[in-house]
Amino acid sequence: MEKDHFRAPVSDTFRRKSPFKLLLEHMNKVRECIDILGEGLLSYYKGDYSSFPTIAERVDKLEHEADLIKSNIRNHLPKTILMPVDKGKFLWLLREEDKILDHAENLAKMLDMRHTAIPKELREGFIDHAKFVIKTVKAMEKAVENVADLLETGFVRKERQETKEAIYKVHEFEHKADEKKYEITKGIYKLEKKLDPMDVYHLLKIADWVDDIADHAENVADWLRSMIAK
Amino acid sequence: MAWSIGSNDVANSMATAVGAKAITFKQAVLIAGILNFIGAVFVGSHVTDTVRKGIVDVSGIRPETLLLGFIASLLAAAIWVTISTWKEMPISTTHSVIGALMGFGIIAGGLSTVKWNTVGAVVSSWILSPLFGCILAFLVFKIIVKLIFAKDEPVKAARIVGPIIIGFTAFIITVSLFLKTPLSIKLGLSETDGIIIAGIISIVVGIIGILLLRMVKNKKNGDYATVEGIFRKLQIITSSYVAFAHGANDVANAIGPVASIIPLAQGLSVGSTVEVPVTLLMLGGIGIAIGCVTWGQRVMKTVGKRITSLTNTRGFSVDFGAATTVLVASKLGMPISTSHTVVGAVIGVGLARGLEAIDLSVIKKIIVSWLLTLPVAAATSIAIFILLQTIV
Numbered sequence: 001m002e003k004d005h006f007r008a009p010v011s012d013t014f015r016r017k018s019p020f021k022l023l024l025e026h027m028n029k030v031r032e033c034i035d036i037l038g039e040g041l042l043s044y045y046k047g048d049y050s051s052f053p054t055i056a057e058r059v060d061k062l063e064h065e066a067d068l069i070k071s072n073i074r075n076h077l078p079k080t081i082l083m084p085v086d087k088g089k090f091l092w093l094l095r096e097e098d099k100i101l102d103h104a105e106n107l108a109k110m111l112d113m114r115h116t117a118i119p120k121e122l123r124e125g126f127i128d129h130a131k132f133v134i135k136t137v138k139a140m141e142k143a144v145e146n147v148a149d150l151l152e153t154g155f156v157r158k159e160r161q162e163t164k165e166a167i168y169k170v171h172e173f174e175h176k177a178d179e180k181k182y183e184i185t186k187g188i189y190k191l192e193k194k195l196d197p198m199d200v201y202h203l204l205k206i207a208d209w210v211d212d213i214a215d216h217a218e219n220v221a222d223w224l225r226s227m228i229a230k
Numbered sequence: 231m232a233w234s235i236g237s238n239d240v241a242n243s244m245a246t247a248v249g250a251k252a253i254t255f256k257q258a259v260l261i262a263g264i265l266n267f268i269g270a271v272f273v274g275s276h277v278t279d280t281v282r283k284g285i286v287d288v289s290g291i292r293p294e295t296l297l298l299g300f301i302a303s304l305l306a307a308a309i310w311v312t313i314s315t316w317k318e319m320p321i322s323t324t325h326s327v328i329g330a331l332m333g334f335g336i337i338a339g340g341l342s343t344v345k346w347n348t349v350g351a352v353v354s355s356w357i358l359s360p361l362f363g364c365i366l367a368f369l370v371f372k373i374i375v376k377l378i379f380a381k382d383e384p385v386k387a388a389r390i391v392g393p394i395i396i397g398f399t400a401f402i403i404t405v406s407l408f409l410k411t412p413l414s415i416k417l418g419l420s421e422t423d424g425i426i427i428a429g430i431i432s433i434v435v436g437i438i439g440i441l442l443l444r445m446v447k448n449k450k451n452g453d454y455a456t457v458e459g460i461f462r463k464l465q466i467i468t469s470s471y472v473a474f475a476h477g478a479n480d481v482a483n484a485i486g487p488v489a490s491i492i493p494l495a496q497g498l499s500v501g502s503t504v505e506v507p508v509t510l511l512m513l514g515g516i517g518i519a520i521g522c523v524t525w526g527q528r529v530m531k532t533v534g535k536r537i538t539s540l541t542n543t544r545g546f547s548v549d550f551g552a553a554t555t556v557l558v559a560s561k562l563g564m565p566i567s568t569s570h571t572v573v574g575a576v577i578g579v580g581l582a583r584g585l586e587a588i589d590l591s592v593i594k595k596i597i598v599s600w601l602l603t604l605p606v607a608a609a610t611s612i613a614i615f616i617l618l619q620t621i622v
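Chains C and H, in that order, are what the protein sequence lines are. Counting from 1, position 230 in the first sequence corresponds to residue 230 in this note's numbering; the numbering is continuous, with no gaps. Going from the second sequence to this note's numbering is simple: count from 1 and add 230.
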């Protein structure tokens, strides 16, 4: 039956797809993207660049798909929509989650453009750093996923506690990633005389950009924390 | 008229259950049909009386004029409901009927014929009913959260709390059936008898509930899914409750004016002594039931598809809040809109942080419908009345 047979206001009350479902869809794109990029990063550090053209392409595609979801959420949250959380904070969370993808895309493209060999002394540090960054994002995913339980239970204390614990994990991993980043940066400066200046520039850049992903994952967790606060 | 009520409004009451996959379309249609009928026949007389005698003071008007007037009102309301259905406006059948009756009262006997006190009470009940539904649904959902979701073992808690709420529902339904209804008079029951019977029935229902819920197995993917599974079963009962309450209230829209026409046509006067004939209530009930069976399924399918974000615990809260409000209004003889009350209840659950997103712009539409329906239905009724008078 066509839409025009209703005079019932009940059906008007729920016309749109839940913004939370879309948020989780967006997060799934982040997850997929970081899974691909994370693996690619580890082989890049080991000197295997063969898979990078496809990785850059796939990350680019995921970023675009996620962008569509993001604008879909943003464009359909008019004033009259009542949500159980602050809409502003919800949108900030989304924005930070989207930034993870933006940075991932930039990083993938840059790595594809220039294959910078990682000096043997620094290789282990770079790999550890990437692993902590991936762990930070994974912890962030878990925290955001718990939103489904929060919604189901009407934000009971028990579930809020669970989400907070996941958020603490994000902070923990992000901190470790930071420490690793300073360690490898120090290592790069130590080798600056031996290395080609262009290599130094790129090594610093890679370390920075990989770390940015963890920073934004942390921001997502922070906005989530503030969103669910009573 | 009854048919259109059946197909449109019933869908609203059962759509939450169908949308939450508590029951199939066929079951929903069957349950809605039967319970609307029961509600209409046994509890429908209060509201019908209000519609018939409460809006227009009939004593000062000639019977022939009255006959024409009620026919005009019925036609006006029917036309208006059809137009608004076609134009997708959230207009209530109830409001159209009251408006049409008022219009006819004004033209036939002047402003003083309309019983403004009753009209005032009815109109205020339109504002109060969504509010009341909102508050009740809010409370029910908060109770579910506090007593079930906040517990360490939500499934266990749900198995205890569920039957209690269901027993309580059964209590309200049976009390409404046995207190001051034609049925209780026929059976010769006093008020205390009614309450005792209701108590016994509710305990029995509660025990049956416990037994039935044993059959709901724990699901693999977590406690909350199992809780929803339990409420899926419970929601069958609350949506029946909605259908029952709906029948009790909305049957009046269709048969209120008719109830006045029949004795007039038979040459009797509309004395306040004339009871609403049970046969007529049954006719209205059958009309609504047929409406559910023939068209209700189609409407329900679409509405149900849209209400996907309403899980079983939410649907349960909405059903309970709305149905209780409508039933209480029916007992008080207040003709209110079921769908507006349902919207109020949905917003109540939303305010309790129970829903992911609801569109509040619907409130504006409802208020517009309040402001618009009365004058427009009244004007249509006046026009038809004058037309009929010139023809006859």
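Accuracy of the hints is not assured; some may be wrong.
[As the list claims (entries may be wrong)] Straight-line distance between alpha carbons at most 27 Å, and here's what the computed DSSO-like set of lysine-lysine pairs gives:
{"#": "1", "chain 1": "C", "residue 1": "Lys-109", "chain 2": "C", "residue 2": "Lys-205"}
{"#": "2", "chain 1": "H", "residue 1": "Lys-463", "chain 2": "C", "residue 2": "Lys-89"}
{"#": "3", "chain 1": "H", "residue 1": "Lys-594", "chain 2": "C", "residue 2": "Lys-87"}
{"#": "4", "chain 1": "H", "residue 1": "Lys-386", "chain 2": "C", "residue 2": "Lys-79"}
{"#": "5", "chain 1": "C", "residue 1": "Lys-87", "chain 2": "H", "residue 2": "Lys-386"}
{"#": "6", "chain 1": "C", "residue 1": "Lys-158", "chain 2": "H", "residue 2": "Lys-256"}
{"#": "7", "chain 1": "C", "residue 1": "Lys-89", "chain 2": "H", "residue 2": "Lys-386"}
{"#": "8", "chain 1": "H", "residue 1": "Lys-463", "chain 2": "C", "residue 2": "Lys-158"}
{"#": "9", "chain 1": "C", "residue 1": "Lys-164", "chain 2": "H", "residue 2": "Lys-595"}
{"#": "10", "chain 1": "H", "residue 1": "Lys-372", "chain 2": "C", "residue 2": "Lys-164"}
{"#": "11", "chain 1": "C", "residue 1": "Lys-230", "chain 2": "H", "residue 2": "Lys-372"}
{"#": "12", "chain 1": "H", "residue 1": "Lys-463", "chain 2": "C", "residue 2": "Lys-17"}
{"#": "13", "chain 1": "C", "residue 1": "Lys-79", "chain 2": "H", "residue 2": "Lys-372"}
{"#": "14", "chain 1": "C", "residue 1": "Lys-21", "chain 2": "H", "residue 2": "Lys-463"}
{"#": "15", "chain 1": "C", "residue 1": "Lys-158", "chain 2": "C", "residue 2": "Lys-186"}
{"#": "16", "chain 1": "H", "residue 1": "Lys-594", "chain 2": "C", "residue 2": "Lys-158"}
{"#": "17", "chain 1": "H", "residue 1": "Lys-372", "chain 2": "C", "residue 2": "Lys-21"}
{"#": "18", "chain 1": "C", "residue 1": "Lys-190", "chain 2": "C", "residue 2": "Lys-46"}
{"#": "19", "chain 1": "C", "residue 1": "Lys-135", "chain 2": "C", "residue 2": "Lys-169"}
{"#": "20", "chain 1": "H", "residue 1": "Lys-376", "chain 2": "C", "residue 2": "Lys-21"}
{"#": "21", "chain 1": "C", "residue 1": "Lys-131", "chain 2": "C", "residue 2": "Lys-164"}
{"#": "22", "chain 1": "C", "residue 1": "Lys-230", "chain 2": "H", "residue 2": "Lys-595"}
{"#": "23", "chain 1": "C", "residue 1": "Lys-17", "chain 2": "H", "residue 2": "Lys-561"}
{"#": "24", "chain 1": "H", "residue 1": "Lys-561", "chain 2": "C", "residue 2": "Lys-169"}
[Said to hold, decoys possible] From the structure, some residues in chain H lie toward chain C, with a derived Cβ separation under 10 Å:
{"#": "25", "residue": "Arg-292"}
{"#": "26", "residue": "Phe-371"}
{"#": "27", "residue": "Lys-386"}
{"#": "28", "residue": "Arg-389"}
{"#": "29", "residue": "Ile-390"}
{"#": "30", "residue": "Thr-543"}
{"#": "31", "residue": "Ala-587"}
[To be verified] Distance windows between CB atoms, simulated:
{"#": "32", "chain 1": "H", "residue 1": "Lys-594", "chain 2": "C", "residue 2": "Ala-148", "range": "27 to 33 Å"}
{"#": "33", "chain 1": "H", "residue 1": "Leu-601", "chain 2": "C", "residue 2": "Lys-79", "range": "20 to 26 Å"}
{"#": "34", "chain 1": "H", "residue 1": "Leu-341", "chain 2": "C", "residue 2": "His-76", "range": "32 to 38 Å"}
{"#": "35", "chain 1": "C", "residue 1": "Leu-68", "chain 2": "H", "residue 2": "Val-598", "range": "32 to 38 Å"}
{"#": "36", "chain 1": "H", "residue 1": "Val-434", "chain 2": "C", "residue 2": "Leu-68", "range": "53 to 59 Å"}
{"#": "37", "chain 1": "C", "residue 1": "Arg-95", "chain 2": "H", "residue 2": "Lys-594", "range": "53 to 59 Å"}
{"#": "38", "chain 1": "C", "residue 1": "Lys-79", "chain 2": "H", "residue 2": "Leu-361", "range": "36 to 42 Å"}
{"#": "39", "chain 1": "H", "residue 1": "Leu-441", "chain 2": "C", "residue 2": "Asn-72", "range": "31 to 37 Å"}
{"#": "40", "chain 1": "C", "residue 1": "Asp-67", "chain 2": "H", "residue 2": "Met-445", "range": "34 to 40 Å"}
Since the hints were made in silico from the structure, they are not lab data. Source: prediction; values computed, not measured. Cβ atoms here follow ideal geometry from the backbone N, Cα and C, with glycine treated the same way.
Hint by hint, here is what the structure shows:
no. : hint                              : verdict
1   : C/Lys-109 x C/Lys-205             : 13 Å, holds
2   : H/Lys-463 x C/Lys-89              : 36 Å, violated
3   : H/Lys-594 x C/Lys-87              : 21 Å, holds
4   : H/Lys-386 x C/Lys-79              : 40 Å, violated
5   : C/Lys-87 x H/Lys-386              : 34 Å, violated
6   : C/Lys-158 x H/Lys-256             : 39 Å, violated
7   : C/Lys-89 x H/Lys-386              : 35 Å, violated
8   : H/Lys-463 x C/Lys-158             : 26 Å, holds
9   : C/Lys-164 x H/Lys-595             : 40 Å, violated
10  : H/Lys-372 x C/Lys-164             : 23 Å, holds
11  : C/Lys-230 x H/Lys-372             : 15 Å, holds
12  : H/Lys-463 x C/Lys-17              : 26 Å, holds
13  : C/Lys-79 x H/Lys-372              : 25 Å, holds
14  : C/Lys-21 x H/Lys-463              : 25 Å, holds
15  : C/Lys-158 x C/Lys-186             : 43 Å, violated
16  : H/Lys-594 x C/Lys-158             : 37 Å, violated
17  : H/Lys-372 x C/Lys-21              : 23 Å, holds
18  : C/Lys-190 x C/Lys-46              : 21 Å, holds
19  : C/Lys-135 x C/Lys-169             : 9 Å, holds
20  : H/Lys-376 x C/Lys-21              : 25 Å, holds
21  : C/Lys-131 x C/Lys-164             : 22 Å, holds
22  : C/Lys-230 x H/Lys-595             : 32 Å, violated
23  : C/Lys-17 x H/Lys-561              : 38 Å, violated
24  : H/Lys-561 x C/Lys-169             : 57 Å, violated
25  : Arg-292                           : 35 Å, violated
26  : Phe-371                           : 7 Å, holds
27  : Lys-386                           : 15 Å, violated
28  : Arg-389                           : 17 Å, violated
29  : Ile-390                           : 17 Å, violated
30  : Thr-543                           : 8 Å, holds
31  : Ala-587                           : 5 Å, holds
32  : H/Lys-594 x C/Ala-148: 27 to 33 Å : 31 Å, holds
33  : H/Leu-601 x C/Lys-79: 20 to 26 Å  : 22 Å, holds
34  : H/Leu-341 x C/His-76: 32 to 38 Å  : 48 Å, violated
35  : C/Leu-68 x H/Val-598: 32 to 38 Å  : 35 Å, holds
36  : H/Val-434 x C/Leu-68: 53 to 59 Å  : 55 Å, holds
37  : C/Arg-95 x H/Lys-594: 53 to 59 Å  : 30 Å, violated
38  : C/Lys-79 x H/Leu-361: 36 to 42 Å  : 22 Å, violated
39  : H/Leu-441 x C/Asn-72: 31 to 37 Å  : 46 Å, violated
40  : C/Asp-67 x H/Met-445: 34 to 40 Å  : 47 Å, violated
In the structure shown, a violation is registered for the earlier hints numbered 2, 4, 5, 6, 7, 9, 15, 16, 22, 23, 24, 25, 27, 28, 29, 34, 37, 38, 39, 40, in ascending order.
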